[in-house]
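Student: Spelled out from the first residue to the last, the chains are:
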Amino acid sequence: MRVGVVVFPGSNCDRDALHAARLAGAESELLWHETPDLGGADLVVLPGGFAYGDYLRAGVLARFSPIMGAVRDHAARGGLVLGICNGFQVLAEAGLVPGALLRNASLRFEHRWVRLSVERRDTPFTSAIPAGRELRLPVAHGEGNYFLPDHELDVLEARDRVLFRYAPPEGNPNGSARDIAGVLDAGGRVCGLMPHPERAAEAILGSDDGLLVFRSLVESAAAATSARAAAVVA
Amino acid sequence: MTIATPAGPLHRALGLTDAELAAIHERLGRDPNDLELAMFSVMWSEHCSYKSSKPLLGTLPTTGEDVVAGPGENAGVIAIGDGLAVAFKLESHNHPSAVEPYQGAATGVGGILRDIFTMGARPIAVLDALKFGDPSAPRTRHLVRGVVRGVGGYGNCVGVPTVGGELVFDASYAENPLVNVMAIGLLEERHLTRAAAPGPGNLAVLYGSTTGRDGIGGASVLASASFDDASAAKRPTVQVGDPFAEKLLIEASLELIGGGLVEGLQDLGAAGITCAVSETADRAGTGIVVDLDAVPRRETGMAPFEVMISESQERMLAIVRPERLAAVLEVCGRWAIPAAVIGRVTDDGLIRVVSGEEELARIPAAALTSEAIVHHRLSSPPARTRSAPAPGAPEEPGDGLPERGMDPGAVLIALIGSANLGSRAWVTTQYDETVGSDTVEAGERSAAVLRIKGTTKALVAATDAQAQVAVHDPYLGAALAVAECARNVAVTGARPLGVTNCLNFGNPERPEAFWRFAESVRGLGDACRALGLPVTGGNVSFYNESPVGAIAPTAQIGVVGLLDDIGLRVGPAFRAAGDLAVLVGEAGPGLAGSAYAALAGLASDDRPPSLDLGREAALQRFLVTAARERLLASAQDVSGGGLAVAAAECTAWSGLGARLQLRVGMAPAVDLFGESPSRVLVTAAPDDWERLAGLAAAHGLPVRRLGTVGGDRLVIELVGDGATGAAEGRGAGVADAVDVAVADLHHAWRYALPRALGEDADAAPLAVEER
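Each protein sequence line maps, in turn, to chains A and B. So the first sequence is numbered by my numbering: it starts at 364 and just counts up by one. So the second sequence is numbered by my numbering: it starts at 712 and just counts up by one.
Just chain B, same shape as in the assembly (with noise of 0.2 Å):
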């Protein structure tokens, strides 16, 4: 068998180096055939064999008592209690958004879906996160466009509610937009499923789609190369989704696991049925010989390398007892699945490729997966540069603002009415946030809340990064995402749980790149010690680049929580005229990678604001505790623009104002936009108060009165060294009140996105809480 290919060496095409050959020669003995030489190509792709990361992922803490299955696996799993466990995962799908965003973004759902149920878990929630370049170029509009139909389109025929995440624009992801999908999944724990072909003698059962030409070389020619024109002729190795063939894979997986009928399961997702016998047989030490003729497939004269490394969509591999095979069709045939026996479980520990009589690949499992290539890429830092200050703005970088004759309220109107901060309902409304009648929060809320039948009990998720502070400090940034991610949780009354990661970073080979991935790494490592989590799982997309740079360092954190009762659940829109506003916590200095830095044209270098892992770990042992005792009224997290923006939301989401007085220092900007970490916004009964303000002292928590919820209007009324008399030796309108309207401030809320996208106004449906 030859592969035909451009000039050179056929290796260096797929993908490897000269060193990487060499190296698969040692592990042979000889030289690797073609078949086999295509099989290490994806195998020990990026994106397959994580060689460039896995020395860093290493260090990242894993276990917890509750943790039933963690990195390695296809999904962390973590005990609930009464018998359940949580199943969860985020992963990438940047490069296939990027070349056909419809089907690139659907096929990231259907593939993070695969990864939950293959566990043994129904997934329950789809939560996305999306970062895109400028919202008024075409070019976004349409991955825009593009992605969000294929989210929808996939999750909403699949069944499975889309209750959340991130969708961020800036100008570093505007030729490699983001597309990174959580998938949330509910199993009984005696269900927990692995991914190993254990047995000798056992049969590998294909099922699931036919196996096509589509897809060939995602993982290594797609996922793990940079960006460049030529990019647009890689098309082909996009995958084409299927979500009723994945509706009919959920279906029969689940049954086929209720039943006891399967030994091992494994989807095929990139590098295909290569990489889901490799990976079986490796983990349970065995081998798995593949008879290549049977493999249903889709399109004749496939040859045989694009049999063994297609990632046609929605396919499953089932390790079988040759005495349940029939059952296991059976379930098969029920849902119309097309399912064929492909191969067997030997104990020789090879993977070896047959057709007739004729062996055409024989590899070592190992030589596949957990002995692949390791790369210890080199690191630096990079040079320190210093940009130019915007007018108005001091030379020396430090929180000094430009906000000279600024009205704030004008100010808060521009936040919330921009791309980043306004209204997500043109994104949720073409998601089916409902379906599976357990979503209790969803859409732009900071985090989705899912209640769990026939218990008190509910689930809480939450997706976050920092890219705009990483920029800065990679490792503040990915400390930060942590943070803001588990306290997003934290505000609902849930204990955070566990922790995903989907790390999106340039070129690894580049020692800049890899320093700021390593520095990620970790500030993620440092945060979930803090905060008591352990990290179950995650994903590494690297060579995030395009000829015009790379994009902002992406660490995207996912969280899930549990309440205990979901009556103890607190909302983050205010509830009632007459509560008390409350800020716990306070703020701290450095503006940059914030909202109003971006709006107030800051230089990008000032100082991002710092954080205190301890006092987060503590405000959020507040809110769990606060939340059981009945305290808060709506508690909503200070992140984006701000509190005045945490203010504002907490007003279009109620249409309920609130007039407040907050004591300012002598740059206002930093306490009313600033967004500096470990800072909760809430409201309680002003019964509560003293209570409240004893159990934040307890916590060691900062803890100010605000003001009331009440009104057509949000008042902010500056008070302290900021206000008037210090103010007024820097010019006129520093200590302006926010006043608005809360019509105003909903109307800029609500139309942001659709105006910033030129999408019809009619998209934004109304929105303010009706419960």
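The following block holds chain A by itself, in its conformation from the complex (with noise of 0.2 Å):
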């Protein structure tokens, strides 16, 4: 498994998501917003931060930039790729998952430890989660307000691709519609989630249910890989 984790000019957690990709024992480098080339990766992960500054609204500029081409060409051909806070403000920006970020509701930056319940178990992103597992990470955005008009939500609904939810006790903490957290794309391999699992990959910094999302990628990507060499043996 290679994951590439896109450094734009200001991206601040894509140190953290190459850091939290390795402990689940994946093949990690950064990749450069200028070149459009991902150097051969099986996940493209977008990190949080503030792409380009983001004073005009978040992630608007980044879908422009080289390497997102790329990535556009990545997901077309079935290619996983993870947007985490930014990352899913760009992915939204570029049409790769529905919907848009608003502003919080409380018209503030909003930093809180969440819970999320996770939704499907049969995707890339969660398939080594537990089940019954809910999971503890942090937020950390002034824009993660998921918006889509009803009739759009519930056709996202019944096509299973919501992935995660806000959860009590702590809730909803940005005013999302219908407490989504996480989407997916239609062929459910584009994931875009507001929380940061790379933040909680280690018990030490107060959960470790972060990992499970790398974990299930790495596990997934190495059935792949496997699905395919048997295919080729046979």
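Heads up, some of the hints might be wrong.
Unchecked claim - Below, simulated SDA-like cross-link-like pairs (lysine to any residue); rule was C-alpha separation at most 25 Å, straight line:
no.: 1; chain 1: B; residue 1: Lys-1164; chain 2: A; residue 2: Arg-578
no.: 2; chain 1: B; residue 1: Lys-1164; chain 2: A; residue 2: Arg-475
no.: 3; chain 1: B; residue 1: Lys-1164; chain 2: A; residue 2: Leu-393
no.: 4; chain 1: B; residue 1: Lys-1168; chain 2: B; residue 2: Glu-899
no.: 5; chain 1: B; residue 1: Lys-1168; chain 2: A; residue 2: Ile-567
no.: 6; chain 1: B; residue 1: Lys-1164; chain 2: A; residue 2: Glu-565
no.: 7; chain 1: B; residue 1: Lys-1164; chain 2: A; residue 2: Trp-395
Claimed, not checked - Reference excerpt, derived from the structure (chain A facing chain B, CB under 7 Å, subset only):
no.: 8; residue: Gly-416
no.: 9; residue: Glu-497
no.: 10; residue: Ala-503
no.: 11; residue: Gly-538
To be verified - Listed below are several chain A residues computed to face chain B (Cβ distance under 10 Å; list not exhaustive):
no.: 12; residue: Asp-379
no.: 13; residue: Ala-380
no.: 14; residue: Phe-413
no.: 15; residue: Arg-426
no.: 16; residue: Phe-427
no.: 17; residue: Pro-429
no.: 18; residue: Ala-563
Everything labelled a hint here was simulated from the structure, so no lab data went into it. In this text the structure is predicted, and so the values were computed from the model without any measurement. For every residue, glycine included, the Cβ atom is placed at its ideal position computed from N, Cα and C.
With the hints in hand, could you dock these two chains into one complex?
Tutor: Given below as structure tokens:
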């Protein structure tokens, strides 16, 4: 499993994501935003931060960056993409996942530990999460209020594309529609989520639940590789 | 060139006295021209020159075997083993924040971060110490909102977690809030970089944002004069921050340093280019010639003095060998940062400013910096006055209390539900605490803990002040602040390494204000010597006055410590039902300056508690040893609100109650709510009691079992002289136990701050420990 973590100039969770991916056993490297080359990555992570300053709107400029063309192609080929926080905002701006991230309902930056219910466990992002297990992760954002018109939300839910929801007792930190914290694209290979699994990948940091997300991805990739190998042998 | 000014001589308009003008003449051997005068005015401002404080700061202990860089550099640096070192510093941005709270606070964060990465360290944490007036006043609310948003807005964007600090409300800060920010960085020792300009022939490269008219005269006009009604007109002297630009600057600077591409590095803060070139040249014994026309600008028509003293943010000056210029420009280009060669290092010791063929200024670098004017200010203690005692309080100062008929449980709820002692979540939820994925402990805990990846180690940091005691006794206030801050680091099991400080005082030209400063420096020095801690840097902020008066003398202290093994960390929250609760140390008399005194309306000149530095040092050694021997389940410093509030905090953080018995003397409030130092509330497994007690005794420390953790109530029964029998004579209720539900404590604590500030209740999240 090779993980490429995109570095926009204002990314600030890039090294954290790299660290977490390595803890999960993946080979990982940083990918510079000006180079439209993913270096053979199986999984591309768009990390948190303020890609190009985000003074206008979070993620609005990043979609035009050279590497995003490569990310788009990678996704179109069924490659795995995980957008965390600012990465989710970039994916939404780029149209790779549905919805928009509005300013938090509180109109403040919100840093809190939240609890996530895992809506599906049959995805590459969640396969290693034990049944019934909720994830305890931090959120840290000013614009994480997930929005989609109601009828589109109905469709999203009907197609099982809501992957994570904020759960009680801490609940919804930003006013997101239907408590949505993370969604999938139509193919189920691109995921955007607001909370930070990479910051909760070791017990010493308060939770290692986030490592389950990275471990799911590593295990899925390994399974896919052995399936491919089996197919070749067959 | 002429500078348009209001009526009167130019030097006075620039904040220089007639005597200072004469001293400039003496150093130059001639009259300065207008540009030179402008350069002197900013460099000889109190803010840049430390002209009033320098003689006293020289008395502080600054050496230690692990100190790699001390005062005089941008930040202190201490080696922590494994080839690593920690850089840290505390600095004020008070006046800008009073004038424009968001930008003032934001650029305060930006400035202190630059001090850290200029040394070659990656910034890993910020702590903010904020002081405001009455939280119900509209102006205070405006300032609090703006400052908190500003600190968060900047730190969150650059990706440095804000992990702790202080928020204090006191009437003395109403017109002159304090915004002190501490930053911590981690570096490989081999990357330590000096702010010097060695090697004549080397190039001075300015990189980062372009230069504009923002922040003209910030150091001289804003930071080095008291506040008055015209302060609003000083808004143009406040800089505007661009955290995205700073983020680029951090990455590019660390890359330049990592690649060995720079000979010296200096950030541009107060006094802009003038300060950067003169300080780097003076440190290296060289000179620099600045080509004014080469400075990239964001505005047209800027006068030479504006270019030379502009405080436009997010700029750096690198000293570069000519053969490495291309590589430096390549790095800056990759991070899309403008960079330009604006000067050259010379061997003549002069700062010269040229434009084309014309020489506009010619000043010895030393005259601007190391040989700047020094003032030996007059110092005299203020006349003693006695405030009127509260109803029921005795006429004579002492520890007698108006506790007649008071329910201590109700007092505890009132204290923990007060703006100064309640949960800080309203603030800390606006700060990104976890970016960097090193944060082990943050927020309102006494100290922040950050692990160091790739090692078993962790850095621990705290910042504290004791301004309410310093009002009575500035020497004691400063010493107590050092003791408390180091204790807050030691309760985690970490060994305190060193001290940084930010000394916030009134107008040094007033002998009484200067006496407070002098006494504080003496207290700071004595405490640091007693605890074996070097002072590695700091900052002085004078002129914190308004027409209503000076602020409480505020020596803000920052301490950084090292945990060799993160597995030995001790947290402050109660850990498990059944653990023993133990008080190490004992209460001493004196309630002046305490939260209880403020609540009970005691005469404010009641005696403050005294400090035994020898006992404090022993307590801190005990804490580190007890943690190493794994004897402590939790440890919490006893400070604001006293033992009862310390227990209530442990309860609020854990959701676990406790049943305690407290032996009280004739003044139960001293034992319950007094803030005398050198005490820690610890918990331990019952089996460890004897070893714990033995260890405390070996350190010469009193130690007493208080009771047991558990249940859904916090109960503190009072026994001893101050309890029933003896207390009956003084009225009913004195000997009542504290007996409150954990849920009630948590409720009062959780909503304290949003209630005091009139903010949304939902901004106070659940905060019970879940680890």
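Student: Hints first: check each against the structure and report whether it holds.
Tutor: Evaluation of the provided hints:
no. : hint                     : in the structure
1   : B/Lys-1164 <-> A/Arg-578 : holds, 20 Å
2   : B/Lys-1164 <-> A/Arg-475 : holds, 23 Å
3   : B/Lys-1164 <-> A/Leu-393 : holds, 18 Å
4   : B/Lys-1168 <-> B/Glu-899 : holds, 14 Å
5   : B/Lys-1168 <-> A/Ile-567 : holds, 12 Å
6   : B/Lys-1164 <-> A/Glu-565 : holds, 11 Å
7   : B/Lys-1164 <-> A/Trp-395 : holds, 23 Å
8   : Gly-416                  : holds, 3 Å
9   : Glu-497                  : violated, 12 Å
10  : Ala-503                  : holds, 4 Å
11  : Gly-538                  : violated, 10 Å
12  : Asp-379                  : holds, 4 Å
13  : Ala-380                  : holds, 9 Å
14  : Phe-413                  : holds, 5 Å
15  : Arg-426                  : violated, 17 Å
16  : Phe-427                  : violated, 14 Å
17  : Pro-429                  : violated, 13 Å
18  : Ala-563                  : holds, 8 Å
Of the hints listed earlier, those the structure fails to meet are numbers 9, 11, 15, 16 and 17, in rising order.
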